[in-house]
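Line order of the protein sequences matches chains U and H.
Each residue of the first sequence is one higher than the one before, starting from 1 at the first, in my numbering.
Each residue of the second sequence is one higher than the one before, starting from 1 at the first, in my numbering.
None of these hints come from the bench; they were simulated from the model.
Be aware that one or more of the hints could be misleading.
[Claimed, not checked] Some chain H residues near chain U, calculated using beta-carbon distances under 8 Å:
#  : residue
1  : I5
2  : Q7
3  : R60
4  : L62
5  : F66
6  : T69
7  : F84
8  : F85
9  : L170
10 : I174
11 : G175
12 : L194
Keep in mind that this is a model prediction, so the values were computed, not measured.
Yeah, the Cβ is synthetic: ideal placement off N, Cα and C, and Gly gets one too.
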Amino acid sequence: MNYTFQFGVVFARLPELWQGALLSLEIGVLSFWGGALLGLLLAAFKVYGSGVVRWLANSFIVFFTNTPAVIQIYFLYYGLPEIGVLWSNVTCVIVGLTLNTGAYLAEIMRAGFISVHRTELEAAETLGFARWQQIRHVILPHIAKVIYPALANYFVVLMLGTSMASIFGVNELTGQAYNIASDNYRHIEMFTVVAGIYILLTFIASLSLAFFGRWAFRVRARIF
Amino acid sequence: MDRVIEQLPRFLSPLNLWFLAEAMGMTLALTFFGCGLGFLLAFIVVYMRLSPGWWGLPWRVLAILFVETFRRIPFLVITYLVLFFIAAFVKGASLVLVALTAISIYSTAYASEIIRGGFESVPRQQIEAATAMNFSRWQTLIKVIVPQSWPVILPPAVVFMVAFVKDTSLVSQIGVFELTFRGKELNNQGFSGLLVFGTVALLYFVMSYPLSRFGAWLEHRLAAPRHQKPERELR
Numbered sequence: 001m002n003y004t005f006q007f008g009v010v011f012a013r014l015p016e017l018w019q020g021a022l023l024s025l026e027i028g029v030l031s032f033w034g035g036a037l038l039g040l041l042l043a044a045f046k047v048y049g050s051g052v053v054r055w056l057a058n059s060f061i062v063f064f065t066n067t068p069a070v071i072q073i074y075f076l077y078y079g080l081p082e083i084g085v086l087w088s089n090v091t092c093v094i095v096g097l098t099l100n101t102g103a104y105l106a107e108i109m110r111a112g113f114i115s116v117h118r119t120e121l122e123a124a125e126t127l128g129f130a131r132w133q134q135i136r137h138v139i140l141p142h143i144a145k146v147i148y149p150a151l152a153n154y155f156v157v158l159m160l161g162t163s164m165a166s167i168f169g170v171n172e173l174t175g176q177a178y179n180i181a182s183d184n185y186r187h188i189e190m191f192t193v194v195a196g197i198y199i200l201l202t203f204i205a206s207l208s209l210a211f212f213g214r215w216a217f218r219v220r221a222r223i224f
Numbered sequence: 001m002d003r004v005i006e007q008l009p010r011f012l013s014p015l016n017l018w019f020l021a022e023a024m025g026m027t028l029a030l031t032f033f034g035c036g037l038g039f040l041l042a043f044i045v046v047y048m049r050l051s052p053g054w055w056g057l058p059w060r061v062l063a064i065l066f067v068e069t070f071r072r073i074p075f076l077v078i079t080y081l082v083l084f085f086i087a088a089f090v091k092g093a094s095l096v097l098v099a100l101t102a103i104s105i106y107s108t109a110y111a112s113e114i115i116r117g118g119f120e121s122v123p124r125q126q127i128e129a130a131t132a133m134n135f136s137r138w139q140t141l142i143k144v145i146v147p148q149s150w151p152v153i154l155p156p157a158v159v160f161m162v163a164f165v166k167d168t169s170l171v172s173q174i175g176v177f178e179l180t181f182r183g184k185e186l187n188n189q190g191f192s193g194l195l196v197f198g199t200v201a202l203l204y205f206v207m208s209y210p211l212s213r214f215g216a217w218l219e220h221r222l223a224a225p226r227h228q229k230p231e232r233e234l235r
């Protein structure tokens with residue numbers, strides 16, 4: 001136990017870490033929205049599609065939820081150049097995470113789709129709602145209320161998942177920390193601080209998502 | 001694509017296949033021991049979190065702090081932290097031990113949420129009845145809460161384990177000899193990335209898919225009677 005902690009050197013590099021955190025957030029948000037769109041498409045295929053389309057969507061979901069995201073990105077990063085597709089590391093990470101997220105979010109959205117009962121639509125029709133009114137006042141609020149907590153939760157999971165971009169040499173929060181730590185040999189302090197930043201970021205994300213959900217969809221989301 | 005076909009016979013040599021099988025064994029071992037230890041420790045964490053009264057306050061705070069902290073740090077960062085802490089304070093610790101420690105910390109944090117969810121599904125009146133019968137806290141837990149909550153805990157626990165098979169791939173970053181690490185090595189030996197990572201993805205699928213089907217089956221099997229009971233009575 002003869003190790004002297006020196007956090008000063010780490011705090012001096014906070015601006016660089018902050019840049020990394022912004023890149024993390026960027027990767028997270030981009031792949032979340034990409035994944036949400038993909039998930040919506042897949043869920044629609046799975047719920048409303050015919051035989052082949054449903055089978056395809058389902059096998060996509062099953063394959064991507066049963067293999068690690070890192071391997072998917074490795075495949076894009078080392079595999080695709082062989083067939084002539086050259087993407088930068090950030091692109092590979094974002095595309096990989098998008099595909100992975102899409103598969104997971106498809107399951108969540110499917111649950112939202114099938115939670116709308118036929119009887120609700122019939123009730124809306126009886127009350128003389130037009131089609132768009134049904135969508136606006138019955139279907140969307142219902143789906144949003146069912147899937148919002150799960151989506152918010154997944155966003156936090158994804159934010160943590162962006163740390164794997166550092167494996168591919170992207171200078172997001174973890175990568176930046178690793179670079180700086182190899183500069184000044186303060187690995188322990190560096191990763192302690194980075195862990196703190198991740199806690200802060202995800203905490204802010206959960207808190208604001210919970211408040212937004214309460215305001216927009218009247219969801220009672222748990223923060224803890 | 002030509003490269004893949006050309007390398008295929010060399011790639012599927014007995015030695016390579018044996019190395020891949022060994023790496024799969026390592027991944028499975030890390031998953032099972034990490035999750036097993038995690039659930040054991042999580043049980044203790046939940047027991048701490050359920051401690052009553054003013055005397056239990058520090059325990060509760062400690063348990064919540066532990067769970068909330070480690071659920072908000074990426075697994076990769078936890079692995080690095082454990083690696084560097086152990087490297088600084090313990091001489092000559094093996095990498096597998098480091099990985100196992102990191103996995104256990106991570107799985108404890110997540111498993112304790114699963115176990116707590118299961119325990120909270122037990123109706124409060126059951127616990128009050130047990131208290132009225134002068135059961136001690138430990139007796140209430142073992143004889144009343146656990147028998148009623150394990151069907152609620154088991155399916156998400158299996159789902160969590162499936163997720164874990166995949167999460168252990170990040171441990172390759174510190175040099176533990178498991179499937180992803182082996183894949184990286186093969187790629188460095190000059191095998192085509194399509195071939196290597198396609199195979200590795202397939203092997204992960206082979207490990208993960210049966211487990212996830214088992215989880216789905218368990219969920220159906222264990223959860224169905226609860227929801228269907230009133231329906232059945234109506235018919």
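To see whether the hints hold, each was checked on the structure:
1. I5: violated (12 Å)
2. Q7: Violated: closest Cβ of chain U sits about 11 Å from Q7/H, beyond 8 Å.
3. R60: violated (12 Å)
4. L62: Because about 15 Å separates L62/H from the closest Cβ in chain U, which is outside the 8 Å limit, the hint is violated.
5. F66: violated (12 Å)
6. T69: holds (6 Å)
7. F84: Where the cut-off is 8 Å and the nearest Cβ of chain U is about 4 Å from F84/H, the hint holds.
8. F85: holds (6 Å)
9. L170: holds (6 Å)
10. I174: Because about 11 Å separates I174/H from the closest Cβ in chain U, which is outside the 8 Å limit, the hint is violated.
11. G175: At 13 Å from the nearest chain U Cβ, G175/H fails the 8 Å test, so the hint is violated.
12. L194: Because about 4 Å separates L194/H from the closest Cβ in chain U, which is inside the 8 Å limit, the hint holds.
The structure is inconsistent with the numbered hints 1, 2, 3, 4, 5, 10 and 11, although it conforms to all the rest.
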